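Visitor: Here's the letter readout for the chains.
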Amino acid sequence: MNRYFYYHIFYVGMMNIMLFIPHILIQERFGGAVSGLLTAMAVGTALSWITTSCFERFPGMGAPEIMKKYLPYWMASVVLSASTAILISGGVLALYSFTRTMSIFFNPDMNDYVFLALVAFASVCAGSRSSRSVQFTLEILIVVISPLAFILLYKSLTDSSVNWDAMRVVAGYVRKRPTFESVAAATFLYSGHMNIALFNRLHPKGFKIRHKWLIPLICCFFAFFSFFIPIGFHGTMAVDQYVFLWSVTSDSMQMQYGFVQRVLFTFLILFCVLSLMFTMITFHGAMEFIKSLRPRHLPQTEQWPVPKINWILCGLFGILSFFYTAWANEYRNQWAVMVWLECRFIMEILTALIMLTLVLAARKGWRRNASSGGSAAWGK
Amino acid sequence: MRKIGLLIAIFALLSGCGIKDIDKRFFVVTTGIDWTGNPEKPYRVSLRLAITSSKLESGSSKTEIISTDAASLAEGVRHLKSYVDKELDFGHCRTFIMGKQLLEHGNLNAMSWFARRRDIQRVANFAVGEPDALSILRVQPISERYPGNALFLTFNREGTESPYIVSIPLFDFTRRHFEMGLDPVLPIIRTAESTYIVDRVLLLDKNNMRLALDPAETQLYNMTANRIDKSELVMPARGRDGRIVMTVSQIRTKIRISHAEVPQITMTVKLRGMLEESPPNQLGENWKEIERQLGQQFSDRMEALLEKIRDAGVDPYGFGLHYLATYFGGKEDFKHWQSVYPNVKFKVVAEVKVTGPGVVR
Numbered sequence: 001m002n003r004y005f006y007y008h009i010f011y012v013g014m015m016n017i018m019l020f021i022p023h024i025l026i027q028e029r030f031g032g033a034v035s036g037l038l039t040a041m042a043v044g045t046a047l048s049w050i051t052t053s054c055f056e057r058f059p060g061m062g063a064p065e066i067m068k069k070y071l072p073y074w075m076a077s078v079v080l081s082a083s084t085a086i087l088i089s090g091g092v093l094a095l096y097s098f099t100r101t102m103s104i105f106f107n108p109d110m111n112d113y114v115f116l117a118l119v120a121f122a123s124v125c126a127g128s129r130s131s132r133s134v135q136f137t138l139e140i141l142i143v144v145i146s147p148l149a150f151i152l153l154y155k156s157l158t159d160s161s162v163n164w165d166a167m168r169v170v171a172g173y174v175r176k177r178p179t180f181e182s183v184a185a186a187t188f189l190y191s192g193h194m195n196i197a198l199f200n201r202l203h204p205k206g207f208k209i210r211h212k213w214l215i216p217l218i219c220c221f222f223a224f225f226s227f228f229i230p231i232g233f234h235g236t237m238a239v240d241q242y243v244f245l246w247s248v249t250s251d252s253m254q255m256q257y258g259f260v261q262r263v264l265f266t267f268l269i270l271f272c273v274l275s276l277m278f279t280m281i282t283f284h285g286a287m288e289f290i291k292s293l294r295p296r297h298l299p300q301t302e303q304w305p306v307p308k309i310n311w312i313l314c315g316l317f318g319i320l321s322f323f324y325t326a327w328a329n330e331y332r333n334q335w336a337v338m339v340w341l342e343c344r345f346i347m348e349i350l351t352a353l354i355m356l357t358l359v360l361a362a363r364k365g366w367r368r369n370a371s372s373g374g375s376a377a378w379g380k
Numbered sequence: 001m002r003k004i005g006l007l008i009a010i011f012a013l014l015s016g017c018g019i020k021d022i023d024k025r026f027f028v029v030t031t032g033i034d035w036t037g038n039p040e041k042p043y044r045v046s047l048r049l050a051i052t053s054s055k056l057e058s059g060s061s062k063t064e065i066i067s068t069d070a071a072s073l074a075e076g077v078r079h080l081k082s083y084v085d086k087e088l089d090f091g092h093c094r095t096f097i098m099g100k101q102l103l104e105h106g107n108l109n110a111m112s113w114f115a116r117r118r119d120i121q122r123v124a125n126f127a128v129g130e131p132d133a134l135s136i137l138r139v140q141p142i143s144e145r146y147p148g149n150a151l152f153l154t155f156n157r158e159g160t161e162s163p164y165i166v167s168i169p170l171f172d173f174t175r176r177h178f179e180m181g182l183d184p185v186l187p188i189i190r191t192a193e194s195t196y197i198v199d200r201v202l203l204l205d206k207n208n209m210r211l212a213l214d215p216a217e218t219q220l221y222n223m224t225a226n227r228i229d230k231s232e233l234v235m236p237a238r239g240r241d242g243r244i245v246m247t248v249s250q251i252r253t254k255i256r257i258s259h260a261e262v263p264q265i266t267m268t269v270k271l272r273g274m275l276e277e278s279p280p281n282q283l284g285e286n287w288k289e290i291e292r293q294l295g296q297q298f299s300d301r302m303e304a305l306l307e308k309i310r311d312a313g314v315d316p317y318g319f320g321l322h323y324l325a326t327y328f329g330g331k332e333d334f335k336h337w338q339s340v341y342p343n344v345k346f347k348v349v350a351e352v353k354v355t356g357p358g359v360v361r
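Protein sequence lines correspond, in order, to chains R and B. Per UniProt numbering, the very first residue in the first sequence carries number 1; after that it's consecutive. Per UniProt numbering, the very first residue in the second sequence carries number 1; after that it's consecutive.
Simulated from the structure, these hints should not be mistaken for laboratory data. Owing to the predicted nature of the structure, the values given are computational and were not obtained by experimental measurement. Built from N, CA and C at the ideal position, the CB exists for glycine as well. Be aware that one or more of the hints could be misleading.
Interface residues of chain B toward chain R, partial, derived using beta-carbon atoms under 7 angstroms [as the list claims (entries may be wrong)]: (1) R122; (2) T174; (3) R175; (4) G295; (5) S299.
Let's have the full structure, built from the sequences with the hints guiding it.
Guide: What follows is the structure, encoded as structure tokens:
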């Protein structure tokens, strides 16, 4: 069961590339980017440890059940709606940036909306399944793409044209004060643990996440990797002119004797799957959160056939992504991503604080409606 | 029924793709850009197009060259599309050649067209054509099996591995164009009959050409900057006829920059290799002495080259960047570096190790 938790850490750690986080950080490479990365390391690790340990106290319960049990209904629904909004917008942003990347690098002649329709359809299908299926899909996709991820890692770490001097120059700006933007952007890498808010429903009683020291290790690696390798390839100055930074970086490597000489295509396939995973999880999470807003909702982790409400909700999210694509362009999207990252960061801190309070409350045996339940369900 | 409907919907999507088949595309294999001297249309864009054929023997490659004058690269390429019957595809264009005149007059910032096109590979090689790019494109090497293959093999170290050939891919060229303390270099391509000669390198500052190295200097530069082995060390044999030639099989370079007011740059080069040519029995008498003399010879030539490069006001090695990296410097440190770079001292320490005289005694 442990591995299912770490899949979330892995794919969110890699997904930062699709949400322009290296680009955002590199805009500040002579400012607070490096110290922001280090601050994010401390903040992200603390948040992930706090949140996961809190959820471990409530086995088999997702965030909606816990909050509905210990908080007044209006408060729980406000918090849940806020997380739902964050999840939906995350999925929509990922869909948009994925569509843009693909239409630029695969086939610029193709209509963006046709492409979006294909991807959105796949995400809606995947996201509307039951939590258990989504969990298994995640595992299968991770297994399928991991060779590609290893190729990309290997290629970029062994390429002789990487300029280590440029990385060192940028690393020297560590003394600058970190900005809120850079910390908010960099903590995204550590936010894979947030998925436990929903997938804790699948965890059996007595479940403990082992090897928690792996979380900072994995995330740090991805953070420094996705920030410094482009600097090594493009130097300290030229690196900020590329918006699709990692696509260009992967195009700067070549596999002389590979099936395809341009590493770019390996990269695109990898991130095609990663984006699909990300939208699948966010759509699914948002859908489950909305469903559990009903006061008497009973969460089910396995459901067949798929209830109509799943299709309707996920379909709505898909339609939302069309509206967003119609509104957005490259600049608006960057602004939106930044706002989203900041909101997500605040929400993550809030969640950790709320969960901490709830654990303390549960310990004291305080409940919203003490008459209806038995003993506190934090399984200890 | 519902499943069939879904299938039909998916098929309907498939027909809407804008993909052009391979037989409706012209693959550009080499692009050349020249300076026309005409202020209205300063750029001459020339494309070498591959004509696909089923034959696969040396000399069977056929190409077509189209060329036009334009005010910018994008306009030129757009105009050239009306010269041909198929869609132009830059996805397989592995060599871009700029005419020497262009580098003398033009503005390198106009080259951002390359960086913006998504279908141009960032690993495509850049070079200077002498006297101009179009004449390089016109060469039809008789050994070519695939159209445009000869130049691509030259630069990619897949075919020939010559110590005289410096290859600069697009991303590296862009990096050097913008980077502080690292300047662009470009290999020079010349023609001879039906083949290319690439044995010189051109050093540029951010916008203009400054210095062209001769073949011997190019080899030295390539050995130390790019750690290209399969190169050679040469000196006349003392007291006898003939020359001593050592092929270098392994080379390591280390650069240290002191933090003095006027920094001193120490370059330590470790060379290993065997004697490929020498008067007989030379090695047995004074192995250590030959190593020492070869090293002395190498460091004298290197110091002269580094001073020449410094006096031209360029920094192709990235000493400035290395200085910043060593002392974690910022913009002010770089200003200081720029002011003292014309006066820096060089010291080259060469450690030569001869592994043996080959298979003879």
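Visitor: Against this structure, judge whether each hint is valid.
Guide: Each hint, compared with the structure:
1. Because the beta carbon of R122 of chain B sits about 4 angstroms from the nearest beta carbon in chain R, less than 7 angstroms, this interface hint is met.
2. Checking T174 of chain B against chain R: minimum C-beta separation of about 5 angstroms stays under 7 angstroms; hint holds.
3. For R175 of chain B, the suggested interface contact is upheld, since its CB lies about 4 angstroms from the closest CB of chain R, less than 7 angstroms.
4. Checking G295 of chain B against chain R: minimum C-beta separation of about 25 angstroms lies over 7 angstroms; hint violated.
5. For S299 of chain B, the shortest C-beta to C-beta distance to chain R is roughly 23 angstroms, which exceeds 7 angstroms, and the interface hint is violated.
When the structure is compared with the earlier hints, violations turn up for hints 4 and 5 and for no others.
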